[in-house]
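Q: Chain residues, written in single-letter form:
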Amino acid sequence: MKTRSAKRTRPAPADRARIALTVNGERRDVVFDTYKTLLEVLREDLGLTGTKHGCELGECGACAVLMDGHPVLSCLVLGVTCDGADVTTIEGLADGPDLHPLQAALADHGGAQCGYCTPGIVLTAKHLLEHTRRPTREQIAEALSGNLCRCTGYLQIIDAVEAAAKTMTGEVA
Amino acid sequence: MTARLQVPPGRVIGRARTRVDGRAKVTGQTLFADDIVLPRMLYCRLLRSSVPHATIAAIDTSAAEAASGVRLVLTGQHFPIAYGIMPVSRDEHPLARVKVRHVGDPVAAVVATSEAEAQEALALIRVTYGPLRTIADPEDALAHPDERIHDYGEGGNIHRLAHFAFGDVDAALAAQADRVFEDVFFYEGNTHLALEQHAAVAALDKDARLTIWSSTQTPHYLHREAARALELPAHRLRVVACPNGGGFGGKSDPFNHEIVVAKAALLTGRPVKVTLTREEVFYCHRGRHPTLMRLRTGVKRDGSIVAMDLETLLDGGAYGSYGPASTLYTGQLQTVTYRVPRYRFRACRTFTNKPACGPKRGHGTPQPRFAQEVQLDKIAVALGRDPADLRLQQIAPADSLTANWLRVGTIGLRECIEAVVERSGWRSRRGTLGAGRGLGLACSSYLTGAGLPIYWNEMPHSGVQLQLDRSGRVTAFCGATEIGQGSDDVLAAIVAEVLGIASGDVRLVTGDTDLTPVDLGSYSSRVTLMMGNAAIQAAERAKALLADAAGAKLGVPAERLAFQDRRIFDVENPDTGMDFADAVVAAEVKHGTIGASGSYTPPRSPGRYRGAGVGPSAAYSYTAAVVEVAVDPATGRVRVPKVWIAHDIGRVLNPVLARGQVEGSVYMGLGEALMEESAFRRLPAHLSGALVHKMPSLLEYKSPTSLEMPEVETTFIETADPNGPFGAKEVGQGPLLPIMPAVANAVFDAVGVRVDEVPITPEKVLRGLEKMKTGERGRTGEERERGEIRVGPTRFPDVPWPEALLVPPPWEGGDGRAVHETRRTGTTAGEGGPRTSHPAPRTSGAPQ
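Taken in order, these protein sequences are the chains called D and R.
Every letter in the first sequence is one number past the one before it in numbering that gives the first Met the number 0, and letter 111, counting from 1, is 110.
Every letter in the second sequence is one number past the one before it in numbering that gives the first Met the number 0, and letter 552, counting from 1, is 551.
Rather than coming from a laboratory, the hints here were simulated on the basis of the structure.
Using N, Cα and C, we set each Cβ at its ideal position, and we do this for glycine too.
Just to be clear, a hint being listed does not mean it is correct.
Claimed, not checked - Looking from chain R toward chain D, a few residues come up when the C-beta cut is under 8 Å (computed): (1) G21; (2) T26; (3) G27; (4) L391; (5) I394; (6) L656; (7) R658; (8) V665; (9) Y666; (10) M694.
The shape of chain D in the complex, shown without the other chains (with noise of 0.2 Å):
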């Protein structure tokens, strides 16, 4: 019985990429299995562990990122296809000690359970922000939809989302 559908025959050792890319404003080189997805370059090859997976199959949003700004679904994207993009993760969202606001409203307003999708929701929620500085409640659900969260029924989430954008806009310090 075919168990794991999104995982293909393993290449011969010589079927090995290699790609730069820039991760979290950071170029780096990485060599690894051609079959591979963005999510195992990311969690495997760099040890970025913080993109999770709920389903390897496109369909939680568990493991969003931003690829040249845009959230991908990194599961269902190859990593041979990365050369040269600029990825951004969760690992890349604080500024030094300091969270993004978006981290410390989910912290603050309950907008993190059990933290699983949390990562996927900053990410998706991220590039909300940047492309609409006061969403309403509508848009933030809206632009949330593909992101599954099986423990606060996303009210939280969409509170931290509003208080971030008011932080962000200036509104609030």
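With chain D's structure known, arrange chain R on it following the hints.
A: Here is chain R on its own, set in the frame of chain D:
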């Protein structure tokens, strides 16, 4: 959210706080089991059965063993010892030995240098199956007793049977009831769908001791069962519960994959990891039992209950899991919300060839609660009573015993109902919302921790140790497991409140069987109350040492000292005091190294009959909800614009987290009510006729997204329960329970159709609306009499109920014992070997 604060907040307790583990979660630094990478780590994949029920005639692993990168191949022959969460149902092996019992049952494991090589080698394993008849559902199980899935239980494919008579129900229904209402309800199975897929890593340390890191809610039970299955002395095994990426009950069993990687680490001497795919998580399951229920309730003219008679039939799936407890939970908590003078409860759990069911949020109780709360709505309609008033007139009294000998302590159900009635505008808006819109009300209750442990013992259920040193550091050690619910925050907050420091000042070590005292695990909503009380005891003991030393140094009697804002000072002269860290120094000078421990065991329940072990709790939480729906008559789709919910939480410890538990429960309840279902189908005969999961993926298993989530208005009722830490009761499960019946009642209010089963899908609503058009008014005489337009099950099959255990209720002269204890006919699991004997439990309860 509005909190009705009857109890002033402490310095920490009751105040909105950022949870202590919040930063780790929002930065991606929380280390989940699959995030663990160790040098020389190998990867494991499991070969799972493609057939639902078959003997294993042969397994040929030779090609897999020779494949590239493969280091080890395991089969059932490596695992002679059975395990299982409950001592009476140890019916699982890490890999199937003799037969497979459901599609997805693991039969072999490959361990290789990469996950891809392990996966590839699975295809090289040849398994020859000898097909057996597939048992698809409980009726099938009852009809085919000869094709046994297991060789233990109550005969045939019946795993567990129960029959309790708390007073003479038939006599009450005949003589005292003005009306008797009988309904059959069905509650479809559904699953936890925690976003994190189960993962485990096992490794031998430098001293050849084995460690298992796992996404488990119950490290202590995994510790016991893995040691048993691996034939290791328990002290040579360490289990570390990683923070769970959601649990909801789905990570409460010891799992085959955990024991497989442990064995592989023992045999290879290298770390071994397994991470399940989403499809495999559906095969682990342990989700909600599909349950068919027949409920007969006799009432007076005003709707007061005189007796209740409940039968439940559970589809248990292929293994025991928590089944013996689940079975009793489908009835034992039905008596704690309203006065029920007499009660009969019969339950039957069957084995079927599907992934095993177990504990999902609410464990066994959402199904009968749905039945009871929908039927009460029907009773109210039939008698012309307001459903809220019908409930308000018969709320179970505080500090009372129920017919089945549960002790109700604090109960804020009246305040909960009044709150949602008022806030939703129930009395003025109901019936005025226009076509297709309606309001529904329902209530519920849940345990604050099971009164008995899973295996019989007299030790504490939770232990906390504190260690303080001269730097002012306070570390709390506890076996409790953070699954997202906030147990770490509760532990830190309680210690901080007692010692007068901030929750962020407390360092935590949790869920590690080498380092922490036992806590039984994150299940049955037990952690806040049990760990919390243990933490208070430990902190008070540490505080006494500090107060003694600080008092001596300050020349102030210890009892006059206050601990606040990281200072210890004289309450009569606040300037006389010292910093917390200096007090620890003083205490270390006077008493030596500072440590303190606390422990907690719940109070003994008065029930003494066999089966009385399931249901008792130190405190019951109560909830009431009003749900508003808008039903589209063209599509049958039910939309939920708003939910009002009030929860008797005892005491709010952290309003942010408490609100999150309520809203998360409402969300999960709406998923169960409207869309989530673990459905199965048979493949066509030319494809084997196998019974397969219809939707083992996140895409096909529908769950609500942010777009389906309604506005939720939450009210907390604070009853300050004397058994709870600072008065707190549970909040993680109870608020889920009224949602499903409230939705069903709202759909009736909106369109006049009774959907007596969940999920209430558009298809079922449309079927009801169609019946309304054609004038079909139910099949049974009673349905016709009531003029009910109904979609749902119509019959309850014949079950070979055993003789009743007669237990007189407290008001009929009972003493908590059965009049005559019948001997159990069933057998417990265990393949041949000598059965472990346990001392006779004091409560003579079924193991729970």
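Q: Could you check the structure against the hints above and give me the numbers of any it violates, in ascending order?
A: The structure conflicts with hints 4, 5, 10, although it agrees with all the remaining ones.
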